[in-house]
Amino acid sequence: MAAMLEVKNLGISFGGLRAVNEFSISIDKGELYGLIGPNGAGKTTVFNLLTGVYKPDTGVIMLDGKDITGRKTIEISKAGIARTFQNIRLFGGMSVKDNVKAAMHNHFVYSPMAGLFHTSSYRNAEAAMDGKAMELLKVFELEKDADLMAVSLPYGQQRRLEIARALATEPKLLLLDEPAAGMNPQETEELMDMIRFVRKKFDMTILLIEHDMKLVSGICEELTVLNFGEILAQGKTSEVLKNPDVITAYLGE
Amino acid sequence: MSFLRNLINGISLGSVYAIIALGYTMVYGIAKMLNFAHGDVIMVGAYVVFVAMSNTMPAVPAVLLSIVICTGLGILIERIAYRPLRNASSPLAVLITAIGVSYLLQNLALLIFGSNPKSFASVVNVPDLKLAGGKLTITGETIVTIVASLVIVFALTAFINKTKPGQAMVAVSEDQGAAKLMGINVNGTIALTFAIGSGLAAIAGVLLCSAYPQLTPYTGSMPGIKAFVAAVFGGIGSIPGAMIGGILLGVIEIFGKAYISSQMADAIVFAVLIIVLLVKPTGILGRQIQEKV
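Order-wise, the sequence lines are chains H and Y.
Following our numbering, the numbering of the first sequence begins with 1 at its first residue and continues without gaps.
Following our numbering, the numbering of the second sequence begins with 1 at its first residue and continues without gaps.
So here's chain H without its partners, still in its complex pose (with noise of 0.2 angstroms):
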């Protein structure tokens, strides 16, 4: 099967810190992949350079056979990469369906005068944003509160409306950033099946960050450890889990 996501050698440095080093990963099309790592080993510092936000000093990043490298963020986006976030960023002052709203923008185009006019190219483009953004909303049990603030909404629904945000980018592939951070052991469970939900149902490719140790050996079937910006251990995750080396990495000698 072709990789969904090829990055061979990626490297940044941060003044005299080099942040990541020599870091390659592949990840088929539909994979579950997790990354971990103690804290400060480089692992949002990876996300940030697969969407763009920073531009890496050496390596290569491919997208679907497609080279991304040093691309724009928006560029990123619309070739198909979109993420949540560590700590929640969502739109606090709009809706939760406007939220949703707000990530289609590439793929609804109408001119400024019709949106001015109330044109039908205007009406039709609104309605079917309406309908998807909905669609999706119920994918994950946010409908009823379409219209609440984003701000409003509890911990748990708030990250659940990202992941519904990210998706409505048409992604092909998908970073989640810690999460279940913050989240009780019957909402990680939740969240875990939903997890597996959008893969199934978006046929998604997923690429994961997370601290809790159940719901990475519950959900991902490979796994890269970092540690100060370097790969220590990749491969499935039964087999990674048990290496040494992580188990030192983790728990100290």
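Hints listed in this document are in silico derivations from the structure and should not be mistaken for laboratory results.
Note that the structure is a prediction, hence the values are computed from the model and not measured.
Mixed in with the good hints, there may be bad ones.
Unchecked claim - Straight-line Cα separation of at most 30 angstroms, DSS-like style, residue types lysine-lysine; simulated pairs:
# : chain 1 : residue 1 : chain 2 : residue 2
1 : Y       : K257      : H       : K78
2 : Y       : K32       : H       : K78
3 : H       : K172      : Y       : K162
4 : H       : K214      : H       : K172
5 : Y       : K162      : H       : K138
6 : H       : K8        : H       : K200
7 : H       : K144      : Y       : K162
8 : Y       : K32       : H       : K55
9 : Y       : K162      : H       : K132
Once you've looked at the hints, dock chain Y against the given chain H.
Relative to chain H, chain Y alone:
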């Protein structure tokens, strides 16, 4: 009767402040910067109409030309002066640049038109309205100004709440980084914000000079500062806030001139601002930001 006349004059002047304040408040809300050159775009708009009409262009095309030129000027200023500094480590860099752009525009106008005031012919062709048996006259300029500001506020609110580019503006104002990652064109959205704000500044310039027909290179500077005060007064970042702040400011200024002292009017305006900010630091309609600790 004089009370009523002052009130109407106040609302009229306040409507001009409101249109200018919309530009300040949108740019602040979306690009998170204070565009101190905004007042001088007003002056440019007024000069464009002045030059066009001196060359026998009729009023309506002259105003449209002025809107187009100011819109272009706004986009140009954002592109060459502000965008390169958007990610500068200190927000002061872009603020100081804005002050620089303001002086640049003023001095360019000084160079081209000289410092002598030009007398600006009103573009308004609406007859005065006489009420109460001729005791109360509402000028055509007043009527046009108030109507124009109301139309602008409603159109702008609808644009922001109901259209895709408008919603992109809200998203960018909430979180630029996240908006970019969701595929929203942040640079384009900010350019559009400057375009709209500067187009409105042209309209404000024309209305201001139609009511107070003296045009100098410094014409935009004081109304610019007062409109900034109005935007803060109403809650910077809020569109209805800019409208309310602008009108209140205009009414306070005219009442201050009429009943207290015409020399003190500006001081009274700024004193009221200080009092409002002491009582409600986010302005009348400003959003309370709760920082999580």
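Each hint tested on the structure:
no.: 1; hint: Y:K257 - H:K78; result: violated, 57 angstroms
no.: 2; hint: Y:K32 - H:K78; result: holds, 26 angstroms
no.: 3; hint: H:K172 - Y:K162; result: holds, 29 angstroms
no.: 4; hint: H:K214 - H:K172; result: holds, 26 angstroms
no.: 5; hint: Y:K162 - H:K138; result: holds, 23 angstroms
no.: 6; hint: H:K8 - H:K200; result: holds, 28 angstroms
no.: 7; hint: H:K144 - Y:K162; result: holds, 21 angstroms
no.: 8; hint: Y:K32 - H:K55; result: holds, 24 angstroms
no.: 9; hint: Y:K162 - H:K132; result: holds, 17 angstroms
Checked against the numbered hints given earlier, this structure breaks only hint 1.
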